[in-house]
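Model the full assembly from the supplied sequences, consistent with the hints where possible.
Residue numbers (the working numbering), protein chains in the order written: chain A, 3 to 145; chain B, 3 to 145; chain C, 3 to 145; chain D, 3 to 145; chain E, 3 to 145; chain F, 3 to 145.
Hint data in this document are derived by calculation from the structure and do not stem from the laboratory.
Possibly wrong hints are sitting among the right ones.
Copies of one chain are not kept apart here, so a pair can be met inside one copy or by any two copies together.
Mimicking BS3-like on lysine-lysine, the simulated pairs with C-alpha atoms at most 27 Å apart in a straight line are [as the list claims (entries may be wrong)]:
hint, residue 1, residue 2
1, 54, 68
2, 36, 68
3, 75, 24
4, 29, 54
5, 4, 54
6, 36, 24
7, 68, 4
Just so you know, these numbers come straight off a predicted model, no measurement behind them.
Next come the chains, spelled out residue by residue.
There are 6 protein chains.
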Amino acid sequence: MKTVYIERRERFNAAHKLYNNKWSPEKNVEVFGKCANANWHGHNYEIIVTVKGVPHPETGFIMDLKLMSDIIKEFVIEPLDHKNLNLDVPFLEGILPSTENLAIVIWDQLESHLNAHGGILCRIRILETENNFVDYYGGHEPF
Amino acid sequence: MKTVYIERRERFNAAHKLYNNKWSPEKNVEVFGKCANANWHGHNYEIIVTVKGVPHPETGFIMDLKLMSDIIKEFVIEPLDHKNLNLDVPFLEGILPSTENLAIVIWDQLESHLNAHGGILCRIRILETENNFVDYYGGHEPF
Amino acid sequence: MKTVYIERRERFNAAHKLYNNKWSPEKNVEVFGKCANANWHGHNYEIIVTVKGVPHPETGFIMDLKLMSDIIKEFVIEPLDHKNLNLDVPFLEGILPSTENLAIVIWDQLESHLNAHGGILCRIRILETENNFVDYYGGHEPF
Amino acid sequence: MKTVYIERRERFNAAHKLYNNKWSPEKNVEVFGKCANANWHGHNYEIIVTVKGVPHPETGFIMDLKLMSDIIKEFVIEPLDHKNLNLDVPFLEGILPSTENLAIVIWDQLESHLNAHGGILCRIRILETENNFVDYYGGHEPF
Amino acid sequence: MKTVYIERRERFNAAHKLYNNKWSPEKNVEVFGKCANANWHGHNYEIIVTVKGVPHPETGFIMDLKLMSDIIKEFVIEPLDHKNLNLDVPFLEGILPSTENLAIVIWDQLESHLNAHGGILCRIRILETENNFVDYYGGHEPF
Amino acid sequence: MKTVYIERRERFNAAHKLYNNKWSPEKNVEVFGKCANANWHGHNYEIIVTVKGVPHPETGFIMDLKLMSDIIKEFVIEPLDHKNLNLDVPFLEGILPSTENLAIVIWDQLESHLNAHGGILCRIRILETENNFVDYYGGHEPF
Chain A
3 MKTVYIERRE RFNAAHKLYN NKWSPEKNVE VFGKCANANW HGHNYEIIVT VKGVPHPETG
63 FIMDLKLMSD IIKEFVIEPL DHKNLNLDVP FLEGILPSTE NLAIVIWDQL ESHLNAHGGI
123 LCRIRILETE NNFVDYYGGH EPF
Chain B
3 MKTVYIERRE RFNAAHKLYN NKWSPEKNVE VFGKCANANW HGHNYEIIVT VKGVPHPETG
63 FIMDLKLMSD IIKEFVIEPL DHKNLNLDVP FLEGILPSTE NLAIVIWDQL ESHLNAHGGI
123 LCRIRILETE NNFVDYYGGH EPF
Chain C
3 MKTVYIERRE RFNAAHKLYN NKWSPEKNVE VFGKCANANW HGHNYEIIVT VKGVPHPETG
63 FIMDLKLMSD IIKEFVIEPL DHKNLNLDVP FLEGILPSTE NLAIVIWDQL ESHLNAHGGI
123 LCRIRILETE NNFVDYYGGH EPF
Chain D
3 MKTVYIERRE RFNAAHKLYN NKWSPEKNVE VFGKCANANW HGHNYEIIVT VKGVPHPETG
63 FIMDLKLMSD IIKEFVIEPL DHKNLNLDVP FLEGILPSTE NLAIVIWDQL ESHLNAHGGI
123 LCRIRILETE NNFVDYYGGH EPF
Chain E
3 MKTVYIERRE RFNAAHKLYN NKWSPEKNVE VFGKCANANW HGHNYEIIVT VKGVPHPETG
63 FIMDLKLMSD IIKEFVIEPL DHKNLNLDVP FLEGILPSTE NLAIVIWDQL ESHLNAHGGI
123 LCRIRILETE NNFVDYYGGH EPF
Chain F
3 MKTVYIERRE RFNAAHKLYN NKWSPEKNVE VFGKCANANW HGHNYEIIVT VKGVPHPETG
63 FIMDLKLMSD IIKEFVIEPL DHKNLNLDVP FLEGILPSTE NLAIVIWDQL ESHLNAHGGI
123 LCRIRILETE NNFVDYYGGH EPF
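Okay, structure coming up:
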């Protein structure tokens, strides 16, 4: 059984701030620094989704990359692109939009849809800047 | 006279929207699409500043890159980083923050400070995403 | 008059070979080496299109980047993507598909369509690999 | 025992199509879309090979990277570069050249040669485009 | 328990040579080739540090990335940047500065400091060039 | 006459320091900071060479890129790669190896050799780090 991992990169541009509504503005600035700026800031986010499976003998595919891309676009890119992550996204309501939390929520958005097509979702990578990124394996700890 | 061009890349993360306050919300969406999202979106902006001059015989420098970086940070990165380009930046007041307009305004911010140290500012490049960028030569048209 | 240059990157994947039909196979291999491989090879091409103009006072745009992208896609990407540059592309008939020639032909494909919308096409950049690229300024020689 | 993983990136440019010869042309287009274009398309492939081992006390090496590069060039890059993956490569005969299948075949090409020099092959990564890539761990599933 | 992995990239520029002082110059050149050049060569090193943990419910953080960056800068970048890895670095004394050995030593520099702040160091990646890189998991072998 | 510009990227890794031998060590540190480190530091340099010309009707080439690459390797990469720019390179003797000066010297190394093959050398770009780069147009000032 020759398991292969396929990965698809997509991108979205969004505004956010790191801000805990239970805290005073002063405490938010103390903890989050300039990331707590009241009027928001933003990023070009890159998301890399990994699905594993055995290549189908007739297509050589784990799953159709076009379909994989369409699923990511429908359930992640459309709801997040050119949006405010604190205000505009139903599935982020009540969640502080750190990159860590984003990765967990995006996993939950994608898992059932991707796993319905012959692959198994196994990693979400989010790049917030060229220096900061996050990997989430559905809570598993491969290392 | 061996003129050389030196370039320094810096980065800032900011929120903005493309929105003409003289227009209705509907017209803004019609013209700017999702870039007019009321609650903002954002980008990881890269800025590349070019200065030309003749290398100094004792240092081999047009101007000290550390000084060049400090000037860009003081007059551009500090005022723009983790800010809202429509709301938070005095020198952008009343200016629609398209990448084109940003390039012009950043030139005006930097020109006198860079030119005071032996180089001549000659290009501002701004990368808004990996697919969209802008060059400004102070209004000159080299090609 | 504050002229700004805007640039849009698009991509296409294509097969080609460097092959002069007037020559023998041996001479083709002698001149073009492995690029003359009879059964083709291919590339992930990147194309960067530059248009210049003065930002419109009401939009801050030279021209709408979405429209610019649509024009590039209609007249360049659709005809070239997942195609054989020697066999499948009407506007490349009889033209040896070197990167140099590609740049000239792509300029001719785009010029009238882009110039009809307020900008002036002024550069085509094509990246064939991470080490080889070409710039074409419509025959002009800015340097 | 301080196991370290070393990685070497190499590149090749090739033509291919996704095409199952047992199917009609229509079914191929239905399943593979534009990737089934009869006259081929192509890519700049990047391959990243990972070998693990314990650094030798006298050299600090798992294995000589120059030797590792030479092995990858002899058994993978030479046979694939500037070739047609469906027609020109003996070890791909009868194999549909999806990126998934390529990764498996490249592993088989390299394993014995790399493992003869003190390292253990443990991952093949292939990047087909900037958005699509594949990892293969010899069938193992680390996550 | 939703474990997430956060990664921070930092950079340093250094000189080094691959040279075993117990060997003759001739044997060094025989084993290390041009990397043994007596007068040194150098690199722009990139280091990517990975820490895992469960996001804190009040901040969404594994650990503050600003703090993580400060720790990497204090214990790795400051001692290595613009230095000679064979001559200038106390914690590299007697160690042949191959990328493999660098990764091990950097792990030892960082582990206790990073683990004191709620995360667990789990990977050091060093990129020596765009083609050569190394991963170290503290001696663990996840695959 | 359809002039096209072709560009070739090559790379070398070298040690250097910014140091004026006529000055005291203290003054060197005052002017050049950590770049004056007595025991050197180093970089992965990228060099991008631009040649212009009219594509030949039988080959579509300005000049053979393989030949262009061979010339750059013979006259620039071989003498500089894995070397100390202050000590090991005859054509840098007496020249302070700033990136600006490197660009001028590399132009002088390449001009006659490249211009003998149908193209005209018109730009040397050197990237010293991902944030610092230099362009040299043979002393011309296109903007």
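Violations among the numbered hints, reported as their numbers in ascending order: 3
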